[in-house]
Amino acid sequence: MATVTLRDIRKSYGAFEAIKGIDLDVADRELVVFVGPSGCGKSTLLRMIAGLEEITDGELAIDGKRVNETGPADRGLAMVFQSYALYPHMTVRQNMGFALRMAGVPRAERDRKVEEAARILQLGTYLDRRPKELSGGQRQRVAIGRAIVRNPKVFLFDEPLSNLDAALRGQMRVELTRLHEELNATMIYVTHDQVEAMTLADKIVVLQAGRVEQVGSPLELYHHPANVFVAGFIGSPRMNLLPGTAAVANGTGVEVDLDAGGPRVTVPSQAAGAASGRAVTLGIRPEALRPDANGPLYGEVKLAERLGGLTLLHVGLAGGQNVIVQIEGSAPTRAHEPIRLAVDGAACHVFDAEGQALPALRRNPLAA
Amino acid sequence: MSTTVAPHAGAVSGPAEGAGQRRPPSFFLLAPSVAVLLLWMIVPLALTLWFSFQRYNLLDPTVGGFAGLDNYEFLVTDPDFWAALANTLVLVGSVLAITVVGGTLLAVLFDQEFPGRNVARLLAIAPFFVMPTVSALVWKNLMMHPIYGVLGSVARGLGLEPVDWFADYPMFSVIVIVAWQWLPFALLILLTAVQSLDHEQKEAARMDGAGPVSQFFFITLPHLGRAISVVVMIETIFLLTVFAEIFVTTSGGPGNATTNLAFLIYARALLQFDVGGGSAGGVVAIILANIVAFFLVRTIARRLEV
Chain A
1 MATVTLRDIR KSYGAFEAIK GIDLDVADRE LVVFVGPSGC GKSTLLRMIA
51 GLEEITDGEL AIDGKRVNET GPADRGLAMV FQSYALYPHM TVRQNMGFAL
101 RMAGVPRAER DRKVEEAARI LQLGTYLDRR PKELSGGQRQ RVAIGRAIVR
151 NPKVFLFDEP LSNLDAALRG QMRVELTRLH EELNATMIYV THDQVEAMTL
201 ADKIVVLQAG RVEQVGSPLE LYHHPANVFV AGFIGSPRMN LLPGTAAVAN
251 GTGVEVDLDA GGPRVTVPSQ AAGAASGRAV TLGIRPEALR PDANGPLYGE
301 VKLAERLGGL TLLHVGLAGG QNVIVQIEGS APTRAHEPIR LAVDGAACHV
351 FDAEGQALPA LRRNPLAA
Chain B
1001 MSTTVAPHAG AVSGPAEGAG QRRPPSFFLL APSVAVLLLW MIVPLALTLW
1051 FSFQRYNLLD PTVGGFAGLD NYEFLVTDPD FWAALANTLV LVGSVLAITV
1101 VGGTLLAVLF DQEFPGRNVA RLLAIAPFFV MPTVSALVWK NLMMHPIYGV
1151 LGSVARGLGL EPVDWFADYP MFSVIVIVAW QWLPFALLIL LTAVQSLDHE
1201 QKEAARMDGA GPVSQFFFIT LPHLGRAISV VVMIETIFLL TVFAEIFVTT
1251 SGGPGNATTN LAFLIYARAL LQFDVGGGSA GGVVAIILAN IVAFFLVRTI
1301 ARRLEV
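So the protein sequences, as listed, match chains A and B. Mapping of the first sequence onto the working numbering: residues 1 to 368, in sequence order. Mapping of the second sequence onto the working numbering: residues 1001 to 1306, in sequence order.
Some hints could be false.
Calculated lysine-lysine pairs in the DSS-like style (CA-CA distance at most 27 Å, straight line) [unchecked claim]: (1) 113/A x 1202/B; (2) 132/A x 1202/B; (3) 113/A x 153/A; (4) 132/A x 113/A; (5) 1140/B x 153/A.
Treat the hints as calculated values from the structure; they're not laboratory data.
Only chain B is shown next, with the shape it has when bound in the complex (with noise of 0.2 Å):
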């Protein structure tokens, strides 16, 4: 994209070498998406720059003006701030811990031949096709409800007591549902690249003496290495903003313990009408995520090069 847009500032009255006559009409057809992409992204940046640095609360509106850097010391000054980032942390690797480790050894599994290969294949990566709002009120009310769910029948018939999920665990539970969401993405990507697995390769560490643990470590774990950061590029991307299962079953409680970045931001504009607060909290969530993205974008673009 760059490399195509770049040109055009200063080469359009430069001589005409072949290429050169097309410029113009390369440039004005590109035009639109650039612009619709630029307002897309510029506006919704520059007003939360902008209410970030103002006095802007909804319940009271004689209070105004420019506020300089308060919303950002009241920000990185409230302990919750400091909570939500441990608690994002916390859910992004853990989530993403369990999904690359269980997506490579379903990866694996799925690879074998076994009857109903197909049907077990579809029923694994069903879940990715389920709302987050929906299964996580199913993991809610019909697996982990301590009167109704599944999970508290199980442990009365094995004469237990039953565990309020939310109350006593309440960030295990939402890694939970979000690993059981990511899992069946990390499978798919995963499996194909298992099937891509050259035939021939694991043949030959067969007749080199490799048996199936050493095979998975030395020929098909780094087979898929690439896979695996594109998983982990992605679901990072995705788990930093992870908002609708956290909002239907704890509401970032008990306290702010599953409170996550992205729930911190929701509460201080809309729960405390704080758009100045709640704006000073968005910029710091996309200068973490560009942080982030930094990082992965450039090990994985060294990775993915042939």
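Excised from the complex, chain A in its bound form (with noise of 0.2 Å):
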């Protein structure tokens, strides 16, 4: 059992105030991520739980236990740092048991974690190796050796496959989801990365400025998004936002009236709160948006970006906005040609002057 409670959690430096308030509960081993820009206080706050920041205000309980005093060592947590933090005169062995030792653990048991550790993370090979003769795939399982041996209650990972290549981190994303599972533990890991954030996490915690703009699940983020911000910040290639106004609004949904032209898109949210003539933003996912020879919005292919599979389209509208369209890679269509688009508004949004969502009227099915 390893809950994670934060409850009003602040942090100041002088004035200016990093984090600004935060609840959040971790659920027993459940990995939770934090994403969010740069900046956004994600990292300080993982820092925070770690207990390498003091906590300025509120309180951090661990398995329901206030731990705002205890010092990091204490807290029974592991945490694997962004540049691995590997001790560079020690073996992988040492390195490993390190903990242990300080812990003053006798030398027979510590070999004995070590070893169980290096099988689970395929490192038997490399335990007499120094960090500087390992790649950085390796590496970067050290380290996260180096938290399995102490057994935390809770492992925290700071951005730890920012620092590999493309390849390895997707290989590396998937070793970690099968070790969440092997070792059935609480996990905190933050990222920038959003592809990290939607493929490992149970709950996704989306930060902005020292507040958290929406917690979920990553497909709940993903089709009922809280505000703009999220909308924005969870999809790739980015939801396009085309301002508008509201028209009719009733119990089938809103319809609203694109500021670039076309026909109205009624879209099945909650009418409350968007009174008729109210400016909106609509909310369209680049999947959302199709060729249409009969299609309501109007505009000029300016660029076509082949990715095999997939081709992203960036239009230009006749409105003057521009929009990514996601469509077939066997689409043929090129770049600089006219193209009217349809629009599918039961997949779209509606964001009011505040850039708060209007709740949908049907929940997405994967989206519990």
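Combine both chains into one complex, guided by the hints.
This is how it looks when you write it as structure tokens:
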């Protein structure tokens, strides 16, 4: 059992408030990902949980026990750093056994635990090498191994994959998922990479400027973003955000007139808060737009990014806005051609003038 | 250097293969500095070697000619020589120990945040910029003098008998002065090394449950290994030739208590006017320095490999 509870956690550096009151519950064996743009406070928050940064205000509890005043080594946590932070003069075995050595664990037991962790991470043959003789992925695994041998209540990961190349990152992502299943441990993971967030997380916490924007499962954030920021941040390529006006709001949804012209788009959102005539923002995922000879939106393809399986079209609409359209890689559409687009209203989102989403009438079945 | 110069000897007429075309000009461009360096090194070395095999005393011009190994024989059978050798080792060893240990501790100390840190650092490093003669004079007359010195005043203030440092503890006093001069150097090098220690490594050690003392021994000290060997190498080279501090304070005495090899050579050649004997001492010093340098460079070159 290992739960982490944050109650109105704050962090100030002088007059500057970096973390502005965060409430969060991490359940046992859950993998929670903190995600957000640079400087949003996600690493600071992780370091506060780790005990490397003082908590200015609020309460942090692990397993229901307040640990604000407990030192980092006594909280029962283990952290994997972005730079791995391996001790360069020690072998892999010494690196992984260092915490146990500090805790006064006898050599035989230390060796047994290190061997066990090395087996889980397939590091067996590297135990007597030094970090500089290892590749990036192997160093990463040693850093994880150093955390595993301590058998911590909670694993903390601070952007652990950002120093790896793309192929290795994909491989380590799979391995981390496997580890999470095998170790059955609570994990908190910080990243700015939304692919990592979407694939690894049981629960994503989107942070911006020291505040929580939304907490939810990956698909919940994708299908039901709470506001414009989350909508723009989760999903790649970004959601297209077009200004418009709420025309009709009734029980079947909200009809939006786009400022760019074209016919009304009907979005199945709850109408409350969007009286007709109010300015709104219409959010359209790139896959909710498709080329259609009779489509209502008209523009010119400025750029076609062919990814093979998919093609991303950057379209300049007649009204002046740019949108990104995701189509099949087999579609022959070329750059500098005129194009008409159809909108799948059911997959769109409406945000009010404050940027808050109007709740959808029907929840996506995958985003329970 | 050697890799650039070595191929020139035989390869000038060889087939031009790209880089070969640049060889003659680069050789000519290198030649002046190589020639100056050779002259600078070879001429004094050859002269010293030559004099060391000559009967050459400035007081008695009638004695001259080839002396064979006599100068060396006189040198090694002179008890002063062995005393000077021992003094040299004691001086170098003690100063190295004081500066490395003290420098490491001070470096860790000055790495901490505290008000006025930059001023404190500047003050701690300042002694290195005082020239040896001046610092020796300051120590001799203002600090250690039994009548005028600060230490003497303090001793009298406490009702104790002032210590005549240079008479009673001559070697210790010289060591104190030289260590005072070289501690800032060690501090400077080691402080930059401490600052280059990866922040996350220290944090990882903290998470691993290492307290300040364990962090120092398991993380900081191994990280400093390379910088410490650089300090040891550079200091050894300079400490083997300490002269001004001894000349100004004790002139090698009392007796031969503070005579090191450099001072012995000076005394032979310029106080006893025995150029031959002095040169023989010089050759021994060169051989000694090279032995030390050989071992130091070998161990340090291995450490410097990344």
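Taken at face value, is the distance from the CA of residue 1202/B to the CA of residue 113/A at most 27 Å?
23 Å, holds
Given pair status - residue 1202/B, residue 132/A, alpha carbons within 27 Å
Since the Cα atoms of residue 132/A and residue 1202/B sit roughly 18 Å apart, the hinted pair holds (cutoff 27 Å).
With a cut-off of 27 Å on the C-alpha distance, tell me whether residue 1140/B and residue 153/A pass.
Violated, at roughly 63 Å.
For a C-alpha distance cap of 27 Å, please report whether residue 132/A and residue 113/A respect it.
Status holds; Cα separation ~23 Å.
Straight-line alpha-carbon gap residue 113/A to residue 153/A, limit 27 Å
16 Å, holds
When the structure is compared with the earlier hints, a violation turns up for hint 5 alone.
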